[in-house]
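Novice: Got chain A sorted already, so can you dock chain B onto it with the hints?
If you read the protein sequences in the order shown, they are chains A and B.
In terms of the working numbering, the first sequence opens at residue 1 and continues consecutively.
In terms of the working numbering, the second sequence opens at residue 1 and continues consecutively.
Calculated directly from the structure, the hints in this document are not laboratory data.
Among these hints, one or two may not hold up.
No farther apart than 30 Å at their CA atoms in a straight line, the calculated lysine-lysine pairs in the DSS-like style are these [said to hold, decoys possible]:
(1) B:K54 with B:K110
(2) B:K313 with A:K433
(3) A:K293 with B:K299
(4) B:K388 with A:K299
(5) B:K293 with A:K388
(6) B:K293 with A:K433
(7) A:K413 with B:K413
(8) A:K367 with B:K146
(9) A:K313 with B:K146
(10) B:K293 with A:K299
(11) A:K299 with B:K73
(12) B:K110 with A:K299
(13) A:K313 with B:K293
(14) A:K323 with B:K299
(15) B:K323 with A:K313
(16) A:K367 with B:K299
(17) A:K293 with B:K74
(18) A:K73 with A:K313
(19) B:K299 with A:K433
(20) A:K367 with A:K323
(21) A:K413 with B:K388
Computed footprint of chain B on chain A; a stretch qualifies when at least three of its residues, placed anywhere within it, have a C-beta under 8 Å from a C-beta of chain B [stated by the list, open to error]:
(22) 15-22
(23) 304-313
(24) 426-433
Ideal Cβ placement from N, Cα and C applies to all residues, glycine included.
Chain by chain, the residues:
There are 2 protein chains.
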Amino acid sequence: MAPATVTIANGATWQDVAADRQRYRDTTISEVHPPVPELSLEERPLNTTAIPKKFLTEEEIEVTGTDVEELVKKIASGEWTSTAVATAFLRRAGLAQKLANCITELLPKKALTRAAELDQYLATYKKPIGPLHGVPISVKEHMGFKGEDANAGFVGWVGQVPEEDSLILQYLWNSGAVFYARTTQPQTLMHLETSSNLYGATVNPHNTTLTAGGSSGGEGALVALRGSILGIGSDIGGSIRSPAANNGVFGYKPTCLRLPSDGWAVAMHGAESILGTTGPLSTSLEGLRLFSKVIVDQKPWLRQPSLTAMDWKSSAEFFPDRKLRVGVIYSDNVVRPHPPILRALTELVAKLKQSSNIEVVDWNPWKHDLAWSIIASLYFADGGADVKAAIASSGEPWLPLSKFILLDNPHVKEHTIASLWEAVSAREEYRTKYAQLWNETARSSPEGRPIDVILCPTGFGVAPKLETSRYWGYTSQWNLLDYPAIVFPVADRVDAPEREKPFEYPEDYKPIGEEDKYVYDLWRQNGAEGYKDAPISLQLVGRRNHDEQLFKAMQILLEEAGLPAAVPA
Amino acid sequence: MAPATVTIANGATWQDVAADRQRYRDTTISEVHPPVPELSLEERPLNTTAIPKKFLTEEEIEVTGTDVEELVKKIASGEWTSTAVATAFLRRAGLAQKLANCITELLPKKALTRAAELDQYLATYKKPIGPLHGVPISVKEHMGFKGEDANAGFVGWVGQVPEEDSLILQYLWNSGAVFYARTTQPQTLMHLETSSNLYGATVNPHNTTLTAGGSSGGEGALVALRGSILGIGSDIGGSIRSPAANNGVFGYKPTCLRLPSDGWAVAMHGAESILGTTGPLSTSLEGLRLFSKVIVDQKPWLRQPSLTAMDWKSSAEFFPDRKLRVGVIYSDNVVRPHPPILRALTELVAKLKQSSNIEVVDWNPWKHDLAWSIIASLYFADGGADVKAAIASSGEPWLPLSKFILLDNPHVKEHTIASLWEAVSAREEYRTKYAQLWNETARSSPEGRPIDVILCPTGFGVAPKLETSRYWGYTSQWNLLDYPAIVFPVADRVDAPEREKPFEYPEDYKPIGEEDKYVYDLWRQNGAEGYKDAPISLQLVGRRNHDEQLFKAMQILLEEAGLPAAVPA
Chain A
1 MAPATVTIAN
11 GATWQDVAAD
21 RQRYRDTTIS
31 EVHPPVPELS
41 LEERPLNTTA
51 IPKKFLTEEE
61 IEVTGTDVEE
71 LVKKIASGEW
81 TSTAVATAFL
91 RRAGLAQKLA
101 NCITELLPKK
111 ALTRAAELDQ
121 YLATYKKPIG
131 PLHGVPISVK
141 EHMGFKGEDA
151 NAGFVGWVGQ
161 VPEEDSLILQ
171 YLWNSGAVFY
181 ARTTQPQTLM
191 HLETSSNLYG
201 ATVNPHNTTL
211 TAGGSSGGEG
221 ALVALRGSIL
231 GIGSDIGGSI
241 RSPAANNGVF
251 GYKPTCLRLP
261 SDGWAVAMHG
271 AESILGTTGP
281 LSTSLEGLRL
291 FSKVIVDQKP
301 WLRQPSLTAM
311 DWKSSAEFFP
321 DRKLRVGVIY
331 SDNVVRPHPP
341 ILRALTELVA
351 KLKQSSNIEV
361 VDWNPWKHDL
371 AWSIIASLYF
381 ADGGADVKAA
391 IASSGEPWLP
401 LSKFILLDNP
411 HVKEHTIASL
421 WEAVSAREEY
431 RTKYAQLWNE
441 TARSSPEGRP
451 IDVILCPTGF
461 GVAPKLETSR
471 YWGYTSQWNL
481 LDYPAIVFPV
491 ADRVDAPERE
501 KPFEYPEDYK
511 PIGEEDKYVY
521 DLWRQNGAEG
531 YKDAPISLQL
541 VGRRNHDEQL
551 FKAMQILLEE
561 AGLPAAVPA
Chain B
1 MAPATVTIAN
11 GATWQDVAAD
21 RQRYRDTTIS
31 EVHPPVPELS
41 LEERPLNTTA
51 IPKKFLTEEE
61 IEVTGTDVEE
71 LVKKIASGEW
81 TSTAVATAFL
91 RRAGLAQKLA
101 NCITELLPKK
111 ALTRAAELDQ
121 YLATYKKPIG
131 PLHGVPISVK
141 EHMGFKGEDA
151 NAGFVGWVGQ
161 VPEEDSLILQ
171 YLWNSGAVFY
181 ARTTQPQTLM
191 HLETSSNLYG
201 ATVNPHNTTL
211 TAGGSSGGEG
221 ALVALRGSIL
231 GIGSDIGGSI
241 RSPAANNGVF
251 GYKPTCLRLP
261 SDGWAVAMHG
271 AESILGTTGP
281 LSTSLEGLRL
291 FSKVIVDQKP
301 WLRQPSLTAM
311 DWKSSAEFFP
321 DRKLRVGVIY
331 SDNVVRPHPP
341 ILRALTELVA
351 KLKQSSNIEV
361 VDWNPWKHDL
371 AWSIIASLYF
381 ADGGADVKAA
391 IASSGEPWLP
401 LSKFILLDNP
411 HVKEHTIASL
421 WEAVSAREEY
431 RTKYAQLWNE
441 TARSSPEGRP
451 IDVILCPTGF
461 GVAPKLETSR
471 YWGYTSQWNL
481 LDYPAIVFPV
491 ADRVDAPERE
501 KPFEYPEDYK
511 PIGEEDKYVY
521 DLWRQNGAEG
531 YKDAPISLQL
541 VGRRNHDEQL
551 FKAMQILLEE
561 AGLPAAVPA
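In isolation and in its complexed conformation, chain A is listed as follows (with noise of 0.2 Å):
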């Protein structure tokens, strides 16, 4: 397939441009074989994520049911071929687009070529070309990718084709995957949501009145009805970690400059106040971390120079014979989290209180009010003049929630460079005060230790409702301080409301500011039954740059709490 020809710069207008960039994409669809059945309406439920399962062969739903870290095994040792393998995740991927609007386009050619070169390669030397030989791995649209659109999500950028593939999918290449088919993004990229112009919005597979998150939300609906189980996702303000929580499955920001980001199509080139960072999305935790280090091994750092050049250490070198201390909260002080996020987060401190291998200690949040003013007054230092020059590009109408986090956003400000450098130290006495913090929690250890990781909410709710994820608090805070941070599922969702009466607000409930009263007032509105079938994620953190030490507290603390560290297929 060409790229595009339809675009702003031919005459077209914003309408023409999106109606043939979904064209494209439904013929992308509709290449691949066997072909990916139609869908009626009535075989759209509310809760999608058993359909797929209908319409695929007994081999694919296997092939698609299973993780990462088997797959490499299954293919490697010749039982399914890369090809196979290949043309269950299309077609699986094509039903997803008919569920929940996830896709950008499928490239059915492109990754059935190189599953038969993968195939012919291990036929030939009898081992795989690398650590994910013939792994499907779905990419997040603004991922520079050779001869394909690059349009970050606004109708003007359509028809900017990079002329290499973005550093990351070099790697993973090297490593032997196959990419099969991009996903959406939000205009802007800034939304904790994922609607644009061009392909409108993202629904929750789980329960499609709901948001899939975003602004990976493209990659979190597809991984959630597996039409993927490695995804590429970014994250500035929690782009891959509200998608994952919002669908129930794993997600993972590393530390900023950790994973190659050179190729990206974004606004604002250049500015590095606040960084954003690519991450994976996957059904298991060993998805995430093998992801990680396949790249890390390679040393990015050779050829993007602004990457940490430090090596993806062992997890089994990190608290061998300790206790793991977690701090926990409960809630921000900013926004007190919905009911099924509180309870989800009491039950699972309950179980952890309950090991011998864990110590649960609360983590008093210091000023994350300010943490937000500081990072908000980050994000568009230019005032958003770049951003908003990308949308009237095409004379596209802006989104409410573009509106949201640039023009109704009152720390939005445009600096002057002694403005700018305000802003940059007091995000670096935040960032010290943070620190010492959590140095001091070793006051309260017998051996003097401070905590290894924090146990928290990765958003205020369960997946709200389309337009509501108006409160970015929650996994913003992270990005602020550049702390690694995990989303994983509590495997449990929002049912019968009763089981939220013991969280529910006080009868007589002072909402603590404006955004508190917006999130009480949601789910006063809506209640669990607005909600239901959501799935239920938490979050951990680690300090910034100990992610090695993150995955292996991620693995004890599922292992005493006796979760699953994969999504059941």
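Specialist: Showing chain B alone in chain A's frame:
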């Protein structure tokens, strides 16, 4: 001693403030016992390096003639007390002030109190308090020092007194260091010399008509006179390396964010497009390494979160059984180095080519003029407003090299946020290109290995005449790239003019451009005689965050070339 009370805020003129600072300095020197001898003018020849020995006791000469790695053993074993060591360095530093004008104040009371405590500790516990037990460390003035002035070279800032030590001092203190001397720096901290309206010019002990370099020129001169064997400098464009080279001592500019910088007094707080770094100057290579390791071993990233959480690696693991590949830059193609530098480089390379452990390859410098234009456009992103305000606050005059780097610098502009982002993008593009070229050197290696380090000049010549240090490219290049670098003396100096003959400019030399013409004219005016006795030094550069590899490479290079790893006492 109480901090200064004569300040601009108190209504004094800049001249009053400067005079008071000098009186204060002299008072602190006068408090050393036994007293620091007065020197007559006749006792200050052009080359002053032999003078201190005439005025010190034999024991003092031996103590101050000992390098860090030996000194720690002598103190730990009880052979020398910390008190005796501190006294010897206080006296020699006092002499150094009279010879090179390198001191802003001595700290006899604090140092001797500390030394007595350390002696007591050793007597009580029979072990040193830390790996630097009793080691006197000199400190560039702008490293915040609790209870002492922190003026960063601006008259208007005199009277600023930090409430706590800068972070690096805290880590060194924890390791057993004794702080006894604070050293000069230039107005703005942005000269490759050391001249301020507070203290005048620091001169080169080897030839007092030459500059000590800068901005850590106080350290450079003090270490050259062995008034210190280990000092703390800082470097954003050459400020550690220029004084190390000019004074013939060892200097190390780490990759940024390996060593703490919290607590510096500097203009443009919050600027991060080009970072400066703390780093050591020493009489020995091992002094540099020990300094760095001792700090990094304390995990400073837990307190200054911007630092890279990377342990100090043992050098033993690098290049164990293969040749070191060294790229060589003779000229950066912008400014041809003066004959002594070309001679030293040529002679050293000839020796290295004899070694079976080293492979030498040419490195073609890629657009170092572009590199300068990028870094120079980022040094003062506010167009210099903050620095201008700091100078204006006292009415002190602009010094020539302040004008040179800011007012007369064609690359300085007041950035908007958009133009700042453009310049940052240009910086990253340049870094990426340079990394790519480095990677491509693997093509000329049978084993497919790129070069390990680059060997190059540290400046256009040996120590320049005062006020002529007007080309930064040989050092600022590695700040733009954030590559670590070690400066080392080649155990040679400028002496007989005929030695330089083979490396003289050709009769019909056509300067490459304006900067080259300026440098060429300097040589024509001064010749070898003008630079008599100036030490010759070179620079070894590693890849970003490959600091430990660089140390190992430096060690191999010195061994193979038969050069000493320490300055003769």
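Novice: Give a verdict on every hint.
Specialist: Structure-based check of each hint:
1. B:K54 with B:K110: Holds, at about 27 Å.
2. B:K313 with A:K433: Answer holds: B:K313 to A:K433 is near 28 Å, not above 30 Å.
3. A:K293 with B:K299: holds, 23 Å
4. B:K388 with A:K299: violated, 43 Å
5. B:K293 with A:K388: violated, 48 Å
6. B:K293 with A:K433: Since the Cα atoms of B:K293 and A:K433 sit roughly 25 Å apart, the hinted pair holds (cutoff 30 Å).
7. A:K413 with B:K413: holds, 22 Å
8. A:K367 with B:K146: The given pair, whose Cα atoms are some 28 Å apart, holds under the 30 Å limit.
9. A:K313 with B:K146: violated, 38 Å
10. B:K293 with A:K299: holds, 23 Å
11. A:K299 with B:K73: violated, 39 Å
12. B:K110 with A:K299: violated, 47 Å
13. A:K313 with B:K293: Answer holds: A:K313 to B:K293 is near 20 Å, not above 30 Å.
14. A:K323 with B:K299: Cα-Cα ~21 Å, so holds.
15. B:K323 with A:K313: It holds: about 27 Å lies between the C-alpha atoms, which stays within 30 Å.
16. A:K367 with B:K299: OK: A:K367 and B:K299 at ~26 Å, within 30 Å.
17. A:K293 with B:K74: violated, 46 Å
18. A:K73 with A:K313: holds, 22 Å
19. B:K299 with A:K433: At roughly 17 Å apart (the allowed maximum being 30 Å), A:K433 and B:K299 satisfy the hint.
20. A:K367 with A:K323: holds, 28 Å
21. A:K413 with B:K388: Within the cut-off at roughly 25 Å; holds.
22. 15-22: violated (count 0)
23. 304-313: As far as the segment 304-313 of chain A goes, the hint holds, because 6 residues have Cβ atoms under 8 Å from chain B.
24. 426-433: holds (count 3)
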